[in-house]
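Chemist: Protein chains in written order, with full-length UniProt numbering: chain A, 1 to 418; chain B, 1 to 292.
Since the hints were derived computationally from the structure, they do not count as laboratory data.
Think of the CB as a built atom: it goes at the ideal place given N, C-alpha and C, for glycine as much as any other residue.
Among the hints, a few may not be true.
[Said to hold, decoys possible] A partial selection of chain B residues facing chain A, derived with a Cβ cut-off under 8 angstroms:
1) D73
2) Y77
3) S133
4) I214
[Claimed, not checked] Straight-line alpha carbon distances no greater than 25 angstroms define the calculated DMTMM-like cross-link-like pairs of lysine to aspartate or glutamate that follow:
5) K235/A - E23/B
6) K117/B - D176/B
7) K235/A - E69/B
8) K177/A - E88/A
9) K85/A - D67/A
10) K414/A - D73/B
11) K418/A - D73/B
12) K111/B - D180/B
13) K414/A - D180/B
14) K51/A - E34/A
15) K225/A - D73/B
16) K418/A - D19/B
17) K225/A - E69/B
18) K206/B - E56/B
19) K224/B - E262/B
20) K78/A - E88/A
21) K235/A - D73/B
22) K418/A - E69/B
23) K418/A - E23/B
24) K414/A - D19/B
25) K289/A - E109/A
26) K418/A - D10/B
27) K418/A - E56/B
28) K54/B - E122/B
29) K418/A - D205/B
30) K414/A - D10/B
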Amino acid sequence: MRVLLYEIRKAFHSPIILGLLGVFIAFNFFLIYENSFIKDDLRKVNQFADKYGTEINDEMLDKMKQDYEAQMKKVNEKTNEVLSKTYESMDEFYSDQSFYPADHFNEKELLLFNEIALLEYYYFTSLHLEESFQNIDPIAIAELEIKQYGISGQAAELIRSQYGKFTERYQEVLENKEYKHLFPSQRVFETHLLLFKKMFKAILIESLILTVLVTAYIINFEFDKGTYLIAYSSKRGRGLWGDKLRAALIINVLLFTFILVLGLIAYFSVFSYKEFWHVPISSFFNAGKEWFMSWWNLSFIEYLTSCILLAYVLTILFTMMTAILARYVRNSYLVFFIFLCLFGVIFANQGIIPRSNIAFLLGYFTPVNLVLNSFVWFMHRAVTFTPYFEVITVGVWFVILLLGILFCARSFRKCDLK
Amino acid sequence: MLTVNSVSKDFGNFPVLQDIQLEFSNGVYGLLAPNGAGKTTLIKMLTTLLFPTKGEILYEGQTIFSMGERYRDLIGYLPQNFGYYKNYNPNQYLQYLAALKGISKQAANEKIPQLLKLVALEDAIKKKMGKFSGGMIQRVGIAQAMLNDPKILILDEPTAGLDPKERVRFRNLLSDLARDRIVILSTHIVSDVESIANEIIMIKDKRVLYKDSIQSICQQLDGKVYEIEMDFDQVKAFRKNFLSLSERQDNGRMNIRFIAEENIRPEWKRVKPTLEDVFLYQYQDKEVEQKV
């Protein structure tokens with residue numbers, strides 16, 4: 001235990017690691033700040049959810065309708081007074097090119113108009129929600145994806161063989177009405193992309209950089225400092241390699257937790273999700289260009305938790321990968337460089353596989369692909385064709401890397417330390 | 001008893017040591033050979049850092065590699081190029097090594113100040129090691145080797161980087177430490193072992209050349225070491241025919257110590273051979289060997 005603590009301490013004395021940690025946290029705050037212009041509108045959406053509930057049903061639509069009509073009446077009183085005009089909807093109001101609203105209305109009135117426009121958007125979208133969702137054809141979407149990616153032959157057939165599961169899940173969402181819930185609209189706010197693409201991807205890549213640096217630094221510390229002869233001839237001996245791996249794992253998990261927790265606290269302090277924690281992630285409002293439902297019936301908080309857990313597993317996988325490299329390359333910076341090359345090779349490797357080959361699809365089953373596509377984790381997609389895509393990917397890589405680690409630990413015990 | 005039993009070590013296809021046979025019981029052993037002769041390789045095998053290609057190393061009849069941490073718990077090792085953490089002070093550094101050596105924190109807290117006092121570093125206990133001189137670093141190295149009160153103390157070129165005063169202090173310190181334990185001191189500096197070693201081990205051509213007391217080793221040159229005084233202009237010609245061991249100026253003439261095995265002349269003064277003479281004789285260049 002004491003040895004483990006000493007190893008952990010080494011990482012926290014590294015100015016590079018601490019410096020990068022500071023830069024990454026600042027960058028995440030900047031990402032939030034850069035997108036903070038949507039926070040007021042998001043607050044309004046929370047207020048709608050608070051007032052009407054998150055489940056879209058007739059009762060909710062009636063309440064919304066009443067409020068919307070009353071508000072439109074107020075808008076028309078105002079526009080009649082100022083412009084001698086009335087409007088059927090806020091959409092019509094904003095489409096009127098004959099005047100510039102800011103020239104005729106004060107800030108308070110403009111804010112009111114904006115709020116009513118938002119209510120209008122949510123009311124009408126909710127009103128036609130059933131129709132909109134029923135118009136979605138998961139098979140057509142999958143076929144489009146197959147076409148977009150240029151997939152053919154056996155690979156395309158493999159995807160098509162899963163269509164039964166695609167429609168089954170779609171029917172489930174339709175029947176249990178997962179899609180009929182209020183949620184920050186993807187078309188308006190792009191919050192899913194902001195949280196799970198920009199923020200999560202940034203955090204994952206930051207964690208990845210720190211993971212590789214920390215692991216290489218800790219495992220190669222004695223070789224870098226020239227203390228390996230004393231360290232590995234001590235009573236602890238070659239078992240120290242295992243201590244170092246454990247220390248790297250603990251530090252990487254701690255650093256990831258630190259970055260993630262600070263990032264998420266900042267994110268949820270700025271962008272309110274107060275009313276949406278338990279709303280299904282497959283809400284129609286959350287649908288984006290590359291996804292429209294999750295493979296599982298998950299609420300937003302469950303989805304977020306699953307993503308966090310998956311991110312932790314990825315941190316562990318990247319620690320294991322780096323440890324294997326560091327077993328054979330006894331220079332921290334060289335390990336980092338080789339890891340980046342390896343990351344690039346895994347990413348680029350898929351490009352050289354014929355798109356008719358099943359191996360092309362298997363090329364998606366990598367931690368690298370997971371890091372780069374965090375926004376579609378657990379989401380229905382043709383190219384990742386199975387609901388267990390994430391589980392299979394991390395499971396298979398974990399077993400392979402675990403075998404690699406066991407081999408490294410064993411070979412390190414038996415190698416000459418010149 | 002530590003036994004090196006027919007040990008050979010190859011690096012790839014290159015043999016470094018061949019059929020090494022040694023036995024160590026309590027006492028000081030000077031491992032004497034020029035750089036590159038395989039001393040460090042032998043020491044790294046004794047410290048389990050390298051594995052023999054052939055043969056085995058036994059401690060009390062058990063192979064040291066199967067003993068694992070039980071064996072490593074018995075050894076204290078000061079490597080030739082011993083790294084350290086520049087940002088640590090000696091106390092922090094020794095605390096870390098104490099943890100690696102499985103010494104409890106309480107025992108380490110008692111032992112470290114004693115050892116730092118022994119190596120005269122008690123005043124530098126809180127000074128960063130990055131600011132230490134070569135001699136101070138070496139003394140920290142000796143302290144770390146002694147942390148676990150080892151039964152086998154292995155020191156590889158321990159006086160490298162020490163000034164003459166520190167070298168003398170180190171030898172005295174080693175004499176104190178040598179009681180009731182095996183001390184293996186590897187060096188290419190003869191004077192480091194001459195006064196303290198019970199036995200000298202010389203390695204030549206990848207094999208053990210001698211393992212004997214200094215007196216016995218020196219006996220082989222009995223009657224072969226001479227001294228002579230001559231003018232400066234005669235020295236060059238003399239060197240062509242004899243192995244010169246040392247040369248010094250004395251009242252405008254050269255005093256030469258050399259080896260001769262035949263054609264002894266009466267004007268040569270016969271002297272008692274020293275370990276350094278044997279060392280120079282054994283590790284002379286091939287070209288010079290032919291002269292002798």
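Chemist: Next, verify each hint and record whether it holds.
Modeler: Verification of the supplied hints:
{"no.": "1", "hint": "D73", "result": "holds (5 angstroms)"}
{"no.": "2", "hint": "Y77", "result": "holds (5 angstroms)"}
{"no.": "3", "hint": "S133", "result": "violated (18 angstroms)"}
{"no.": "4", "hint": "I214", "result": "violated (29 angstroms)"}
{"no.": "5", "hint": "K235/A - E23/B", "result": "holds (23 angstroms)"}
{"no.": "6", "hint": "K117/B - D176/B", "result": "holds (14 angstroms)"}
{"no.": "7", "hint": "K235/A - E69/B", "result": "holds (5 angstroms)"}
{"no.": "8", "hint": "K177/A - E88/A", "result": "violated (31 angstroms)"}
{"no.": "9", "hint": "K85/A - D67/A", "result": "holds (21 angstroms)"}
{"no.": "10", "hint": "K414/A - D73/B", "result": "holds (19 angstroms)"}
{"no.": "11", "hint": "K418/A - D73/B", "result": "holds (21 angstroms)"}
{"no.": "12", "hint": "K111/B - D180/B", "result": "holds (19 angstroms)"}
{"no.": "13", "hint": "K414/A - D180/B", "result": "violated (32 angstroms)"}
{"no.": "14", "hint": "K51/A - E34/A", "result": "violated (29 angstroms)"}
{"no.": "15", "hint": "K225/A - D73/B", "result": "holds (23 angstroms)"}
{"no.": "16", "hint": "K418/A - D19/B", "result": "holds (20 angstroms)"}
{"no.": "17", "hint": "K225/A - E69/B", "result": "holds (23 angstroms)"}
{"no.": "18", "hint": "K206/B - E56/B", "result": "holds (17 angstroms)"}
{"no.": "19", "hint": "K224/B - E262/B", "result": "holds (8 angstroms)"}
{"no.": "20", "hint": "K78/A - E88/A", "result": "holds (14 angstroms)"}
{"no.": "21", "hint": "K235/A - D73/B", "result": "holds (5 angstroms)"}
{"no.": "22", "hint": "K418/A - E69/B", "result": "holds (20 angstroms)"}
{"no.": "23", "hint": "K418/A - E23/B", "result": "holds (24 angstroms)"}
{"no.": "24", "hint": "K414/A - D19/B", "result": "holds (21 angstroms)"}
{"no.": "25", "hint": "K289/A - E109/A", "result": "violated (34 angstroms)"}
{"no.": "26", "hint": "K418/A - D10/B", "result": "holds (12 angstroms)"}
{"no.": "27", "hint": "K418/A - E56/B", "result": "holds (18 angstroms)"}
{"no.": "28", "hint": "K54/B - E122/B", "result": "violated (44 angstroms)"}
{"no.": "29", "hint": "K418/A - D205/B", "result": "holds (20 angstroms)"}
{"no.": "30", "hint": "K414/A - D10/B", "result": "holds (15 angstroms)"}
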